[in-house]
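Protein chains in written order, with the working numbering: chain A, 1 to 531; chain B, 1001 to 1318.
None of these hints come from the bench; they were simulated from the model.
Only a predicted model underlies this, so the values are computations on that prediction, with no experimental measurement involved.
Do not take every clue at face value.
[To be verified] Computed, partial: chain A to chain B, Cβ under 10 Å:
{"no.": "1", "residue": "31"}
{"no.": "2", "residue": "34"}
{"no.": "3", "residue": "43"}
{"no.": "4", "residue": "51"}
{"no.": "5", "residue": "128"}
{"no.": "6", "residue": "129"}
{"no.": "7", "residue": "205"}
{"no.": "8", "residue": "225"}
{"no.": "9", "residue": "226"}
{"no.": "10", "residue": "402"}
{"no.": "11", "residue": "404"}
{"no.": "12", "residue": "472"}
[Stated by the list, open to error] Taking CB as the label site, the calculated pair distances span:
{"no.": "13", "chain 1": "A", "residue 1": "336", "chain 2": "B", "residue 2": "1065", "range": "49 to 59 Å"}
{"no.": "14", "chain 1": "B", "residue 1": "1080", "chain 2": "A", "residue 2": "129", "range": "39 to 49 Å"}
{"no.": "15", "chain 1": "A", "residue 1": "71", "chain 2": "B", "residue 2": "1074", "range": "33 to 43 Å"}
{"no.": "16", "chain 1": "B", "residue 1": "1130", "chain 2": "A", "residue 2": "507", "range": "31 to 41 Å"}
{"no.": "17", "chain 1": "A", "residue 1": "378", "chain 2": "B", "residue 2": "1078", "range": "55 to 65 Å"}
{"no.": "18", "chain 1": "A", "residue 1": "183", "chain 2": "B", "residue 2": "1174", "range": "37 to 47 Å"}
{"no.": "19", "chain 1": "B", "residue 1": "1103", "chain 2": "A", "residue 2": "507", "range": "36 to 46 Å"}
{"no.": "20", "chain 1": "B", "residue 1": "1048", "chain 2": "A", "residue 2": "107", "range": "31 to 41 Å"}
{"no.": "21", "chain 1": "B", "residue 1": "1134", "chain 2": "A", "residue 2": "200", "range": "50 to 60 Å"}
{"no.": "22", "chain 1": "A", "residue 1": "79", "chain 2": "B", "residue 2": "1182", "range": "42 to 52 Å"}
{"no.": "23", "chain 1": "B", "residue 1": "1146", "chain 2": "A", "residue 2": "80", "range": "18 to 28 Å"}
{"no.": "24", "chain 1": "B", "residue 1": "1146", "chain 2": "A", "residue 2": "359", "range": "55 to 65 Å"}
Don't be surprised by glycine CBs; every beta carbon is placed ideally from N, CA and C.
Chain by chain, the residues run as shown.
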Amino acid sequence: MIESRWLLALVAIASLAVPCVSQAQQPHYGGELVFPVPSEPPSYDGHREETFGLIHPIAPFYNTLLRVDPNDKLGTKPYPSLAESWSVSPDGKTYVFKLRKGVKFHDGSEMTSEDVKASYEKIIFPAPGVGSSRKGQYVDVESIRAPDKYEVQFKLKHASGSFIASLLSPYNFIYKAEILAKDPHWYEKNIMGTGPFTFVEHVKGSHLVGKKNPNYWDKGKPYLDGFRAIFIRDSAAQVAAVRGERAQIQFRGFTPKDRDNLKAALGDKITVQESPWDCILMVGLNHKVKPFDDARVRRALTLALDRYEGSKALSQIAIVKEVAGVQVPGTPFATPPAELAKLAGYWHDIEKSRAEARRLLKEAGVPEGFAFTFTNRGTPMPYEPLGVWLIDSWRKIGLNVTQKVVESAAYFTPLRKGDTQAFMDFQCGYIVEPDLDTYKFLSSSRNPANYGFYEDPVLDALYDKQSQETNVEARKKIIRQFEKRVLDEQAHYLMTLQWHRIIPHSSRLHGWTVTPSHYLNNTLDTVWLSP
Amino acid sequence: MGAYIAKRLLAMIPTLLGVAVLIFLLLRVIPGDVVEARYLAQGSQFQSQELMDQERAKFGLDQPLWKQFADWMGGLARLDFGVSMWTDGPITQEIKLRFALSLQLALMASTIASCLAIPLGILAAVKQDTWVDYAVRVFTIAGLATPSFWLGSLMILAMLVVFKWVPPMVFTPLWVDPWQNLQQLAWPALAVGYRYCAVGTRMMRSTMLEVLREDYIRTARAKGLWAKLILTRHALKNAILPVLTVISTEFAFLLGGLVVTEQVFNLNGLGMLFVEGISHRDYTLIQALVLLVATTFLAVNFLVDIAYAWIDPRIHYR
């Protein structure tokens, strides 16, 4: 009898709980999403700019041809946006995109294939005097055609394993062709897209406001009435904004300490989403300076690093965590941990690794106590803790390293001039994709952002080969070869630790998924706030 | 007096010109430029030298230094400060947006400081070596030893922990919503005003002590003048002149120098604009801001000198 009463009580609780759960999952309309942005857009033109300071407040006003699936935690899955479907020709050189019908710009005019063509031509073949930051990413594109109102064709010079991924760029806003024809610079100072929100105001240095687009093509969306991006540079003030419940989220990321403080202060009112972050600091070695022209010395430097112990310690205090190769761990092209552990500097036996490092240094004629300068960037997080860790690790193989910290804005001047020995370099991608993530390592004659100043035709050939390989498994194999050459055999660059993205946000916020890129998932069409 | 004013105004021109030359050259000496800050600092992999050269040409950074300086001077002569190299927006507009906030904050902090510093300084001097004097001295030494931004951080933390509240993050002009405006600016004004008041109070106390020992004060007392009258009409008028200099100089400093406090309270003021301008290597913006601050200092000093003559009729300018 008692048991049946308990059973009844449980059934009653369960019956109450079920509607609660389903109610919680039902998107709620209304409300204004407030979020701090640690940087501000220099202009409104996504084709020209490079910063998340543009993406976070401006992306909600636009759509792109394709987007990353907003629910994909890896942030790699292509998803329809203005194009509802696409196909590739058998030779892999022609991509055809069928566009959605009835999509309206905020001025009421219809978006057609001419707009897509004009937008991509601005990105890939910009007119003289028009800045395009991603022109170099589309060198394989031969031409763009708009055979009818709702179809766009991209013709490539050769097959590509990454062309679709390159179209997922959140920067590639679709602009109106008529406006671009009149003034290709118009979008630098004005906002007018097809996105879920329309522009209200931007008070420079303060905030930017958007309101719901009632004519948005994706019926039923967006859920929010609007959003307000507040420009807050100081990280403590950003945390205070979330803690004081004046903001619901900051889309870039907080430190582990900030996360713990917010969780301790707000408890269940805070939900934390975390992900490996598609940003990494790497040690570059100037190959024009002795002894860094010697692969044995470079290998010794990577062998000195205990990445696994470093990960445990540094992830407590800095925004780094995963031990990684040239791809973000867990993503489709990433090397599995067991295979990664075979590369120099990734061995689990650190004593063996450091003994090998000492042997290599001796063989290369580098004396005990050899001194060199490590140039680091004057940005505290995570440059400072990683710099300390590196120097400490190198001391353990008998090297004497002096750290030279250069102010952030002036940082690239010595790197570009080659006035360095060892230095901290970095890269951040908008999507995890081998072409994007490995371009950094190409010979300096191909990539001016290679501040190691080396030429490696073998590496370049491997890059081209993987880029044109459309079979995923075959491409993975080439990427492994590339990774082994760049990180182990030649040790051109030394990976530190993958950044780790921590997003503590209000538990009222739903419909947003963290991805490895802080450039993704900012259209805000799927986001909603519970009452 | 008229000739003196004209002379002072004319003397400002070479001073400002000197400041202009200095800031122009200093900015070109420090490494990096706006194009590097824009295209390399984000870790982009696909930047071409062609794009960077194109951008440098757009801002005239490919021109010789003398040409860049001449162009800037030509613009200044027409009161055209140019456009921001970072945002492409007119400099005057960039500054105008932040000026209202910085001016209001400077005025509020100055008011708090003056209202506290003068009476506290007088009180401490009059009650020298009593518990009142000691209390004022402790209060002011604490003010001098406490950086405004640290006090500001403590205020925010205390408000968060105790009241679970933080000041508004966005500036609302006083004439739009006074309550919202004061909710945001009262705290930084208090934090800055406290340190500022400490400087003023100590100056007021020491000058008042000095004046109170003067012969004419003793004479006034001997004549049987009312103590309050001696203090306000005879002592204060003479003692306040150095305090006036301190308060006015601090006011000019507050207009452009509240960098960290503005960051802590997320205030969109001139201090933050300065920092952003420097980190973006926005030459035109920094040049205009430095000239603005230099002009403010010159103007404030000039007004203080005029005020001296008004407060103390014995002072004459030729």
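Against the structure, the hints come out as follows:
1. Residue-level restraint check for residue 31/A is violated (minimum Cβ-Cβ distance to chain B is 17 Å; threshold 10 Å).
2. Nearest Cβ of chain B to the Cβ of residue 34/A: about 8 Å, under the 10 Å cut. The hint holds.
3. Interface hint at residue 43/A: satisfied, since its Cβ lies 6 Å from the closest Cβ of chain B, which is below the 10 Å cut-off.
4. Evaluation of the residue 51/A hint against chain B yields a held restraint, the C-beta minimum of about 5 Å falling below 10 Å.
5. A hinted interface residue such as residue 128/A counts as satisfied when its beta carbon comes closer than 10 Å to some beta carbon of chain B; here the least separation is about 8 Å, so the hint holds.
6. Below 10 Å, beta-carbon pairs count as interface contacts, and residue 129/A has one with chain B at about 7 Å; its hint therefore holds.
7. Hint status for residue 205/A relative to chain B: holds, with the closest Cβ pair at about 4 Å, below 10 Å.
8. A distance limit of 10 Å between C-beta atoms decides the matter here; for residue 225/A the minimum to chain B is near 18 Å, and the interface restraint is violated.
9. Evaluation of the residue 226/A hint against chain B yields a violated restraint, the C-beta minimum of about 14 Å exceeding 10 Å.
10. For residue 402/A, the suggested interface contact is broken, since its CB lies about 19 Å from the closest CB of chain B, more than 10 Å.
11. Hint status for residue 404/A relative to chain B: violated, with the closest Cβ pair at about 13 Å, above 10 Å.
12. A hinted interface residue such as residue 472/A counts as satisfied when its beta carbon comes closer than 10 Å to some beta carbon of chain B; here the least separation is about 22 Å, so the hint is violated.
13. Between residue 336/A and residue 1065/B the C-beta distance comes to about 56 Å, which sits within the given range of 49 to 59 Å.
14. In this structure the supplied range 39 to 49 Å is violated for residue 1080/B paired with residue 129/A, their Cβ-Cβ distance being about 22 Å.
15. For residue 71/A paired with residue 1074/B, a C-beta distance near 57 Å fails the hint of 33 to 43 Å.
16. Between residue 1130/B and residue 507/A the CB atoms are about 57 Å apart, so this pair departs from the stated range of 31 to 41 Å.
17. The given range of 55 to 65 Å is broken by residue 378/A and residue 1078/B, whose C-beta atoms sit roughly 38 Å from each other.
18. Between residue 183/A and residue 1174/B the beta carbons are some 38 Å apart, a value that agrees with the proposed interval 37 to 47 Å.
19. Between residue 1103/B and residue 507/A the C-beta distance comes to about 41 Å, which sits within the given range of 36 to 46 Å.
20. Between residue 1048/B and residue 107/A the C-beta distance comes to about 33 Å, which sits within the given range of 31 to 41 Å.
21. At roughly 56 Å, the beta-carbon separation of residue 1134/B and residue 200/A lies within the given 50 to 60 Å, and the hint holds.
22. One distance hint, 42 to 52 Å for the beta-carbon pair residue 79/A and residue 1182/B, holds here, with the actual separation near 47 Å.
23. Look at residue 1146/B against residue 80/A: about 58 Å separates their beta carbons, and that is not inside 18 to 28 Å.
24. Checked against the hint of 55 to 65 Å, the C-beta distance between residue 1146/B and residue 359/A comes to roughly 56 Å, which is consistent with it.
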